[in-house]
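Chemist: One-letter residues, chain by chain:
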Amino acid sequence: MIELFSDLFSDYTLRTVAMGAALLGITAGSLGGFALLRRQSLLGDAISHAALPGIALAFLITGSKAPLVLMTGAALAGWLGAALISSVTNRTRIKYDSALGIMLSVFFGFGLVLLTYIQRNPDANQAGLESFLFGQAAALVERDVFVILGIGALVIFLMGLFWKEFKVLSFDPDFFQTLGFPVRALDHLLTGLFVIAIVIGLQTVGVVLMSAMIIAPGAAARQWTDRLGRMIMLSGCIGAVSGVGGALISSSIPGLPTGPTIVLIVSSIVVFSLLFAPNRGIVFRKYREWKSGKQLRVEAVLVDMYTLAAQHLSAEYPHSARVLDVMSSMSGPARRTLGLLKDLGLATQLDAKMWSLTPEGVRRAELIIQRQFGGEE
Amino acid sequence: MSPSLEIQVIAVVVAVACALPGTFLVLQRMSMMSDAISHAILPGIVVAFFFTGTLSSPWLILGAAMAGVLTVALVEVLRKTGLLKEDAAIGIVFPALFSVGVILIARYAGDVHLDIDAVLLGELAFAPFDRMVIGGIDIGPRSLIIMLCVLLLNLIFILVFFKELKLTTFDRALAGALGFAPALLHYILMGIVSVTAVGAFDAVGSILVVALMVAPPASAYMLTDKLKNMIWLSVIIGILSAISGYWMARVLDASIAGSMASMSGLFFVVIVFLAPGRGIWWTYRLKTLQKLRFSTEMLTIHLLNHEGLPEASTECRIDHLEDHLRWEHVFAQRAVRSAMQKEYVVLEHDVLLLTSKGRLFAQQSQLDL
Numbered sequence: 001m002i003e004l005f006s007d008l009f010s011d012y013t014l015r016t017v018a019m020g021a022a023l024l025g026i027t028a029g030s031l032g033g034f035a036l037l038r039r040q041s042l043l044g045d046a047i048s049h050a051a052l053p054g055i056a057l058a059f060l061i062t063g064s065k066a067p068l069v070l071m072t073g074a075a076l077a078g079w080l081g082a083a084l085i086s087s088v089t090n091r092t093r094i095k096y097d098s099a100l101g102i103m104l105s106v107f108f109g110f111g112l113v114l115l116t117y118i119q120r121n122p123d124a125n126q127a128g129l130e131s132f133l134f135g136q137a138a139a140l141v142e143r144d145v146f147v148i149l150g151i152g153a154l155v156i157f158l159m160g161l162f163w164k165e166f167k168v169l170s171f172d173p174d175f176f177q178t179l180g181f182p183v184r185a186l187d188h189l190l191t192g193l194f195v196i197a198i199v200i201g202l203q204t205v206g207v208v209l210m211s212a213m214i215i216a217p218g219a220a221a222r223q224w225t226d227r228l229g230r231m232i233m234l235s236g237c238i239g240a241v242s243g244v245g246g247a248l249i250s251s252s253i254p255g256l257p258t259g260p261t262i263v264l265i266v267s268s269i270v271v272f273s274l275l276f277a278p279n280r281g282i283v284f285r286k287y288r289e290w291k292s293g294k295q296l297r298v299e300a301v302l303v304d305m306y307t308l309a310a311q312h313l314s315a316e317y318p319h320s321a322r323v324l325d326v327m328s329s330m331s332g333p334a335r336r337t338l339g340l341l342k343d344l345g346l347a348t349q350l351d352a353k354m355w356s357l358t359p360e361g362v363r364r365a366e367l368i369i370q371r372q373f374g375g376e377e
Numbered sequence: 001m002s003p004s005l006e007i008q009v010i011a012v013v014v015a016v017a018c019a020l021p022g023t024f025l026v027l028q029r030m031s032m033m034s035d036a037i038s039h040a041i042l043p044g045i046v047v048a049f050f051f052t053g054t055l056s057s058p059w060l061i062l063g064a065a066m067a068g069v070l071t072v073a074l075v076e077v078l079r080k081t082g083l084l085k086e087d088a089a090i091g092i093v094f095p096a097l098f099s100v101g102v103i104l105i106a107r108y109a110g111d112v113h114l115d116i117d118a119v120l121l122g123e124l125a126f127a128p129f130d131r132m133v134i135g136g137i138d139i140g141p142r143s144l145i146i147m148l149c150v151l152l153l154n155l156i157f158i159l160v161f162f163k164e165l166k167l168t169t170f171d172r173a174l175a176g177a178l179g180f181a182p183a184l185l186h187y188i189l190m191g192i193v194s195v196t197a198v199g200a201f202d203a204v205g206s207i208l209v210v211a212l213m214v215a216p217p218a219s220a221y222m223l224t225d226k227l228k229n230m231i232w233l234s235v236i237i238g239i240l241s242a243i244s245g246y247w248m249a250r251v252l253d254a255s256i257a258g259s260m261a262s263m264s265g266l267f268f269v270v271i272v273f274l275a276p277g278r279g280i281w282w283t284y285r286l287k288t289l290q291k292l293r294f295s296t297e298m299l300t301i302h303l304l305n306h307e308g309l310p311e312a313s314t315e316c317r318i319d320h321l322e323d324h325l326r327w328e329h330v331f332a333q334r335a336v337r338s339a340m341q342k343e344y345v346v347l348e349h350d351v352l353l354l355t356s357k358g359r360l361f362a363q364q365s366q367l368d369l
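So the sequences go chain by chain: A and B. Mapping to the numbering used here: the first sequence position 77 is 77, numbers consecutive. Mapping to the numbering used here: the second sequence position 173 is 173, numbers consecutive.
Hint data in this document are derived by calculation from the structure and do not stem from the laboratory. We put the CB at the ideal spot given by N, CA and C, even for glycine. One or more of the hints may lead you astray.
With the Cβ distance kept under 10 angstroms, some of the chain A side facing chain B (calculated, not the full set) [stated by the list, open to error]:
| no. | residue |
| --- | --- |
| 1 | S87 |
| 2 | G101 |
| 3 | G111 |
| 4 | V168 |
| 5 | P257 |
| 6 | S268 |
| 7 | R280 |
| 8 | K294 |
| 9 | Q295 |
| 10 | L296 |
| 11 | V298 |
| 12 | L313 |
Which bits of chain A does chain B cover? Going by a derived footprint, with three or more residues having C-beta under 8 angstroms, they are [to be verified]:
| no. | stretch |
| --- | --- |
| 13 | 19-32 |
| 14 | 41-47 |
In silico DSS-like links for lysine-lysine, alpha-carbon gap of 30 angstroms or less [unchecked claim]:
| no. | chain 1 | residue 1 | chain 2 | residue 2 |
| --- | --- | --- | --- | --- |
| 15 | B | K291 | A | K167 |
| 16 | A | K286 | A | K342 |
| 17 | A | K95 | B | K357 |
| 18 | B | K80 | A | K291 |
| 19 | B | K80 | A | K95 |
| 20 | A | K286 | B | K85 |
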C-alpha cells in the first residue's frame, strides 16, 4: 500500500493518470451535484453520447487530433443535444425520457457513421478517436492533464461566480423567474458548464462511464448533508478520491482498466453512503425506527397496565400477560415488551403469568397519559 | 437471398421487434431503461460466455436477460430507499454493471472474440456470413433466426397481455386495484426488453437498440392518440428507418447500425416539425393565426368604440394604434393589412373606417369576449 503511494509520486504515467482522474472527478462531481438536484442525472449520459459526432466532425474538418480541437467539437455537439432535448420537451408532447433516449442514440449513431466513414477513408489516420468511446486513461499525457486542469478550474470558477443563481435555479426556478432573473440564460450556462465537465472526461473514462462520474459522486454526497455548499464540496472530493483510487488500483493489478475501476469505486461509495450516512442512511433509519418503535411499545403496555389497574383498588394491581397481549395486539406481543419493562424497573413479574407495575411504572404511566390526553384522566 | 437483401430483412425484423416493447417504454416514461438495459446486459453476456465458451449459445440470451432483470431490480431497490430519484438510480446502476462487464472482459477474455465494440456498436454487414446450419441444411443467417424468435416472443407477449399492458400503462393504480399485478408485468416487460436487446446486440449493437426502441414510438406518439395506431405507426416508422438507413450506409460506405439510428432520428425530426396538429410548425402557425385574429378583433372593436365621435380622426390612425394598443409598428401594419384583406376596414385620408362587415364582426367579437 505504501509502495503504491510512493509510486504515485515517482511513476510518471501513474502520476499523470491519477492527477487527470482526480481533476476530472472534482469537476464532474461538483457539477453533478447540481444535475442530481435538478433531476437531470441522465442528461449527462445523453450529453456524453451526443458528443461523439462532434469529435468526428471536428476531426473531419480540421484534420487535427489535438485534444482541444476534439473537445471543442464534442462540447458543441453535446450542447446541441442538450438544447434539442429541452426544446423538444418544452414545445411538444414528447416526454423528457424519450427526448433523452432519442438524442443519445441518434447523435451517437450519427457519430458512428462519421467514424466509420473516416476509417474507410485511407488518407486519414483516425487512430485514437475510438479512445473517446471507451476511454483510455492510461494514454493520458501531461499536456492532457494541463488541459483538464485549465478547463476544470474555469468551470469551477464560473460555478462559484454564479453560485447563488445556480442555487436558486436548482431549488425553485419558478420563484427565480418571478424575481426577474434571466432563468433561461442561466439554465443554458449551467448546462454549458455541465457539457464541458463531461467533455473533458470522455477521453479518460469514455462515453458510457462518464455518466457515472457525473451522477454517482453527487448521489453519494447528497446522503451526508442537507446543505448545498457542503454537498457540492463533498461531491467533488468523492469524485477526486474515486479518480485517484481507480488509478492506483488499476495500476497495481494488471489487466484492470482504469475507467471501469473508477466507476466501481464511486459506485461502492454510493452504496456505503446509502447504508451508513447519518440521518438519511438506511442503517440509521432502521435503528431510529426500531428505537422509536420500542419506546412506543413500552409506553403502550405501560398505559394498558395502568388503565386495567384503574378498575381495581391499587394502581399496582397485577394482570396476566395474556390480557395485555390481547390489549396491545396492534403493537406486537406484550410479553417481549414486559421483559423490557422489567429491565427498566417499571414492572415486576409476580409469578409465571402475572405482572404488575412498580411505583416508578405507575408514575411513568401517569406522565404518559398526561402527555397524551392533556392531564384530563 | 442475396446478402444485401438478407441484411435488410434482418434490420426490418430488429426494427419491428424493438418497436413493439418500445411503444410501452415510451408511454410509461421509461425510455431510458432501454439504454440502461442495453448496457447492463454486458456482464450477463460475459458470464454466460465464460460458462459456454461460445457467443452463439441460447444461454447467452438467458444470461443477458437475467442481467437486464437484475438491472431493473437494482434500480427498484435503490428507488425504494427513497434516497435517490429513479433517474439517478438508473444512472448509477447501469454504468456499474457495465464496468463489471468491461473488467471481466479485460481480465479474463482478452484473447477471445468478445470485444466491447462488438456489443456496443454491432456490425450488421457481417451478419449474412454467420449462417445457422441445422442437420446440414442452411436455414439462414443466425441473427435473422434469433431475431425472428425474439420478434415472435414479443408479438405473443403483446397479443396475450395487450389488455393488461394497456391498463398498466395508462392507469397503474387501477390496474393494481383490479388485481392485474402491474409490478410483475413491469418485470416481464423489462425481461422482454432485455431479450430483445441481447438478441439484437451482435447484429446491430446496443445503441441502435435504444434508437429503434425509442425514436419510432416517440415519432408515432406525435401522430396519434390511439394505442393500437401508435404500435402500427411505430412498426412502420421502424421499418422505414431500417431500410433507408441501410441505403444511407451503402451510399456513404459507413456503419449500417449508425445509419439506421441516424435515419430514425431524421424521421423523428421531420415528424416533430410536421405532425398534423401537434408538430412544432403546426403549433407555431396556429399561434400566429390566433394572434392575428385577436389583433383584428381588437382593431375593429377599437374602431367601433370611436366610430362617429369627434376624436375619431385622431384615434383611428394607424400610428395611433401603436400608442393606444401598444402594438409595434410592423405588427400594427400587419394587423391592419389583414383586416383590410378581410374587408373589415378601409383607409380614407389616413383614417381607418369600419365597413358594415367589420362593424358586424366587431359587435360579434364583443359579444364573444
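Chemist: State for each hint whether it applies.
Modeler: Consistency of the hints with the structure:
1. S87: holds, 9 angstroms
2. G101: Holds - the Cβ of G101 of chain A comes within 10 angstroms of chain B, reaching about 4 angstroms at its closest.
3. G111: Check passed: Cβ of G111 of chain A comes within 7 angstroms of chain B, closer than 10 angstroms.
4. V168: violated, 20 angstroms
5. P257: Result: holds, 5 angstroms to nearest chain B Cβ.
6. S268: At about 9 angstroms, which falls below the 10 angstroms cut-off, the nearest Cβ of chain B leaves the hint on S268 of chain A intact, so it holds.
7. R280: Holds, about 6 angstroms.
8. K294: At 22 angstroms from the nearest chain B Cβ, K294 of chain A fails the 10 angstroms test, so the hint is violated.
9. Q295: At about 23 angstroms, which exceeds the 10 angstroms cut-off, the nearest Cβ of chain B leaves the hint on Q295 of chain A violated.
10. L296: This interface hint is violated because 22 angstroms lies over the 10 angstroms limit.
11. V298: violated, 27 angstroms
12. L313: Since chain B brings no Cβ nearer than about 51 angstroms to L313 of chain A, farther than 10 angstroms, the hint is violated.
13. 19-32: Check failed, 0 qualifying residues.
14. 41-47: holds (count 4)
15. B:K291 x A:K167: Roughly 37 angstroms between the alpha carbons, so the hint for K291 of chain B and K167 of chain A is violated.
16. A:K286 x A:K342: holds, 25 angstroms
17. A:K95 x B:K357: violated, 45 angstroms
18. B:K80 x A:K291: Holds, because 22 angstroms separates the two Cα atoms, which is no more than 30 angstroms.
19. B:K80 x A:K95: holds, 23 angstroms
20. A:K286 x B:K85: holds, 20 angstroms
Against the hints set out earlier in the document, violations occur for numbers 4, 8, 9, 10, 11, 12, 13, 15, 17.
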